[in-house]
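Protein chains in written order, with the UniProt record's numbering: chain A, 1 to 121; chain B, 1 to 281.
Since the hints were derived computationally from the structure, they do not count as laboratory data. Ideal placement from N, C-alpha and C gives every residue a C-beta, glycine not left out. Among the hints, erroneous ones may be present.
[Stated by the list, open to error] If the Cβ cut is set under 8 Å, some of the chain B residues that face chain A in the computed set are:
1. Ile-155
2. Lys-156
3. Thr-158
[Said to hold, decoys possible] What the simulated footprint calls covered on chain A by chain B, stretch by stretch (three residues with Cβ under 8 Å from a Cβ of chain B suffice, anywhere in the stretch; the number is not a length):
4. 33 to 41
5. 77 to 85
[Stated by the list, open to error] Derived lysine-lysine pairs resembling DSSO-like cross-links, with alpha carbons at most 27 Å apart:
6. B/Lys-160 to A/Lys-2
7. B/Lys-281 to B/Lys-160
8. B/Lys-281 to A/Lys-2
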Amino acid sequence: MKIAISSEGDNLNSNVNSRFGRARYFIVVDTESMNYKAIGKTAASSAGGAGTKAAQLLLDEGVDSIISSNVGPNALEVFQAAGISVYKSINDTIEKNVEEFKKGTLEKIELPTNNGHHGEH
Amino acid sequence: MKGYKIAVLSGKGGTGKTTVSSNLAKIQKSIYVDCDIEEPNGYLFLKPEIEKVKDVNVMIPSIDYDKCTLCGECTRACRFGALTKLIKKILVFDHLCHSCGACYEICPYNAINEIPKKIGAIRVGRSDDIDFIDGKLNIGEASGVPIIKEIKNLIKDTDKNVIIDSPPGTSCSVIHSIEGSDYCLLVTEPTPYGLHDLKLAVELVKEMNLPFVVIINKSGEEDSIIENYCKEESINVLAKIPFKKEYAELYSKGNLLIKEDDEIRHTFENLSQKLMELIGK
């Protein structure tokens, strides 16, 4: 299974980033082999629509699940429409989050965790 | 003769833009225009008879799936993340769309149509002897700029003076409201917040090369907060509106100050006269 996690840094020892759309990195991990790749070119600096842009980025990567913490309404709508599950991260490393994900202890996010930030200009 | 356009802005909200605009419009028999489209309140004081309501639409994309090949060009062209490509469809986020038209232009298969979406409305009417216009943005919409642009079109070629009641802050909607004005009135209050946001408003009008003066509302013992700054920056303080319980009471009942109180009427007459002298220079 391929999962993407919003991250502070570019490897498995990095801490998770609590923000989704404006996370600096996404770590895409194959949960069987634990092979991973870091995506550093995120939507973090975009003027608007960071959530949907980041969601598109991960859809194009073909991920099955997302682990993050602050997922807004637009990004969540994209994932729900695409049938991708979103899980709430724990405040720890990427590796630890993947472990917890495999154990099935991470909580599923069904409702947006914020009301979006659009229109702030 | 072409009328002058006078924009009233503040930086900080709640300093008295509408108090100044509505009373000044009445004194001058100008056209009152409420561009504070997120919460227009000038109508509460001017109590206009509305003669015309006009919807304001923006164009948003609609995907024609008979033609769409899901190539994803439109999603890459959108700077605002308003289009997302799923496996079988393109998801359109109306409220992220800025109606820039990039997706229609880029689509190689002409699979995108422009469809109108109502974002708000403009009301036109009369309040006794003055003309009244206001705009209102629907709740949940991101930008009121299209409404402000349509309002500005309505007042382009009038021979009367126009008083523009701008939104608070210094954002896009303020810039569009005050753009093209002949003069700006910066309404502030003698508090640290008032000063802080006045400075932002001053920066904005300077950047836009618009001539301006300051009006101190809720004026009293603390006026030096604003006056010291204005002195340093050589900014003209054109008028002061005293901080009085009677004015707050009149305001809370939706009354125009100049109709109920001779002293404040005199203040506004003076303000109007001095302002017209400045503009005439």
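When you check the alpha-carbon spacing of B/Lys-281 and A/Lys-2, does it fall within 27 Å? With a Cα-Cα distance of about 70 Å, the restraint between B/Lys-281 and A/Lys-2 is violated, given a limit of 27 Å.
Count residues of the region 33 to 41 of chain A with a Cβ under 8 Å from any Cβ of chain B, then say if the count reaches three. violated (count 0)
Three residues minimum, CB to CB under 8 Å: does the region 77 to 85 of chain A make the cut for coverage by chain B? Let me know. Answer holds; 4 residues pass the 8 Å Cβ test.
When you check the alpha-carbon spacing of B/Lys-281 and B/Lys-160, does it fall within 27 Å? holds, 18 Å
For the hint on B/Ile-155, does the least C-beta distance to chain A fall short of 8 Å? Because about 25 Å separates B/Ile-155 from the closest Cβ in chain A, which is outside the 8 Å limit, the hint is violated.
When the nearest CB of chain A is found for B/Lys-156, is that gap smaller than 8 Å? violated, 26 Å
Against chain A, is B/Thr-158 within 8 Å by beta-carbon distance? violated, 30 Å
Against the 27 Å threshold, does the CA-CA distance of B/Lys-160 and A/Lys-2 hold or violate the hint? This hinted pair is violated, its Cα atoms lying about 66 Å apart.
In the structure shown, a violation is registered for the earlier hints numbered 1, 2, 3, 4, 6 and 8, in ascending order.
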